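Asker: One letter stands for each residue in the lines below.
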Amino acid sequence: MAKITYGDHHLQTEDGESVLDTLLRNNIDAPYSCKAGVCQTCIMQCGSGNLPEASQQELKENLRKQGYFLSCQCYTDNDLDIKLPDSDQLFVSANLIEKETLSPTVVRLRLQTATPLYYHAGQFINVKRADGLIRSYSLASLPSEDNLLELHVKRMDNGDMSHWISETFNVGDSIEIDGPVGDCFYSSVTPSVPMLLIGSGTGLAPLIGILRDALHNNHIGPIYLYHAAFTEEELYLDIEIKSLINNANNVHYKPVVTKHMTEDYVVTGRSCEVALVEHPDLKDWQVYICGAPNMVKFMQQRAFLAGASMNNIHTDPFESKELRTEPRDS
Amino acid sequence: MSTLFEKIGGEAAVNVAVDIFYRKVLSDDSISHFFETTDMAAQHAKQKSFLTMAFGGPNDYTGADMRKAHAPLVEKGLNESHFNAVAGHLQSTLEELKVPADLIGEVMAIAGSTKDDVLGK
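One line per chain: the protein sequences are V and U, in this order.
Under the working numbering, think of the first position of the first sequence as 1, with each following residue one higher.
Under the working numbering, think of the first position of the second sequence as 1, with each following residue one higher.
Looking at chain V on its own, in the form it has when it is part of the complex:
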């Protein structure tokens, strides 16, 4: 049991609950999204008190030194004095330069920041709306080739942010962004190994960045890209991919349409199983799996059992805050 001081609030944690749980239980509107220690939306700052290792281990060194921590991963018996980070310490302003509809549900955003962001294609950023809502989106752009940050946003049935982006966020508007975060990006250390890129929905966004990064680095090994989408229309980069790989003999692209698969098959994450059927031995391969959490979890385990080393399996599961099963009313 720990005493948590948050502004004027004096709270007590209960056994087995994280600091985030404590805040939410006390009806405090603390930011969060994935509750899995991945998205970093719940980042807070500790003024005094000892933080557990697990609440800081994903953060960069300079943030750790300043007492930043992830409230969803903070389980402690130590008293803590905490606050939300000052916005300008973590977030920078970004302007929307381009907005393009890529499919009935997906838009492409191109954002500009005042100073260039240092990132690897495939990492993600946190986007913060004026009212404080924060969500994570992966980067499809390549810093060496693009001046603007590229995001692919799918309008989710549950999605407050994605609906706002789709309907209200327009060219010329600005938002705040934080990051980059994540380790799902290309490494040029092994340019001749085979690469397996597996994505569902807008999981394609980081994969396109990673693919372009590999080509930019003259990756010699074969690269196999699988993109799963509900319908043909939702293979939202089909033509662009084909054009991109026209001159790249080592890249092989297979679109997968899932609408005729059984619900059970898709819900258990098997929509991209064909990738493993076609490549049953993944020893020494670099594997990238991005998109729906069920699919990522299933494919990660299967890729590991197929011989890929755990270190060579890079995942970017799109954990979302609300997993409602019905579409929004409006």
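Worth flagging that the hints you see were computed from the coordinates, not collected in a lab.
Any given hint might turn out to be false.
[What the hints assert, rightly or not] Every beta carbon over 10 angstroms from chain U, so not counted as near; a handful from chain V, in silico:
(1) L90
(2) K99
(3) E150
(4) V251
(5) V267
(6) L305
(7) M310
[Said to hold, decoys possible] Some chain U residues near chain V, calculated using beta-carbon distances under 8 angstroms:
(8) R23
(9) T38
(10) A41
(11) H44
(12) S81
Since this is a predicted model, take the numbers as computed values, not measurements.
Ideal Cβ positions, reconstructed from N, Cα and C, are used throughout, including at glycine.
Keeping the supplied structure of chain V fixed, place chain U upon it in accordance with the hints.
Answerer: Chain U only, in chain V's frame:
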């Protein structure tokens, strides 16, 4: 005079062994349900810690830690047959890596010494 950990190959040996060992465990239907998790990378890290300890390497494990960590599994029915299955996979991993029999014996003795703590006896 070198230690077991040095003789077996230290951290490099752990890194080679862990993938093989973890794959065997996940592929064994009699125990795989104890390893159901949303975070494979974290569990992989735990397997590395376990192997480091079993190879005589530096570790923070106490008997109490092992007890506490496995207590929820004991609640779910973890028993000696499961423990033996995991130990068997450790042994076959070392045999696959052609570790000398005497070193395998030492590793299996260390692993075996955790039984009461793991099973909460």
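Asker: Each hint should be assessed against the structure and marked as holding or not.
Answerer: A quick look at each hint next to the structure:
The non-interface label for V:L90 is consistent with chain U: the shortest C-beta to C-beta separation is roughly 25 angstroms, beyond 10 angstroms. Distance check on V:K99: its Cβ is at least 34 angstroms (rounded) from any Cβ of chain U, clearing the 10 angstroms threshold; non-interface status holds. At roughly 27 angstroms, the least C-beta separation between V:E150 and chain U is larger than 10 angstroms, which holds for a residue marked as non-interface. Every C-beta of chain U lies more than 10 angstroms from that of V:V251, the closest at about 27 angstroms, which supports listing it as non-interface.
Every CB of chain U lies more than 10 angstroms from the CB of V:V267, the least distance being 15 angstroms, so the non-interface label holds. Not every CB of chain U is more than 10 angstroms from the CB of V:L305 (nearest about 6 angstroms), against its label as outside the interface. Distance check for V:M310 against chain U: the nearest CB is about 5 angstroms away, which does not clear 10 angstroms, and the non-interface claim fails. A distance limit of 8 angstroms between C-beta atoms decides the matter here; for U:R23 the minimum to chain V is near 6 angstroms, and the interface restraint holds.
The closest approach between the C-beta of U:T38 and any C-beta of chain V is roughly 6 angstroms, which is under the 8 angstroms cut-off, so the hint is satisfied. The interface hint given for U:A41 is met, as the beta carbon of that residue sits about 7 angstroms from the closest beta carbon of chain V, less than 8 angstroms. With 8 angstroms as the threshold, the beta carbon of U:H44 comes within range of chain V, its nearest partner Cβ sitting at about 5 angstroms, so the hint holds. The restraint placing U:S81 at the interface with chain V is violated, with a minimum CB-CB distance near 23 angstroms, outside the 8 angstroms limit.
When held up to the earlier numbered hints, the structure conflicts with 6, 7, 12 and fits the remainder.
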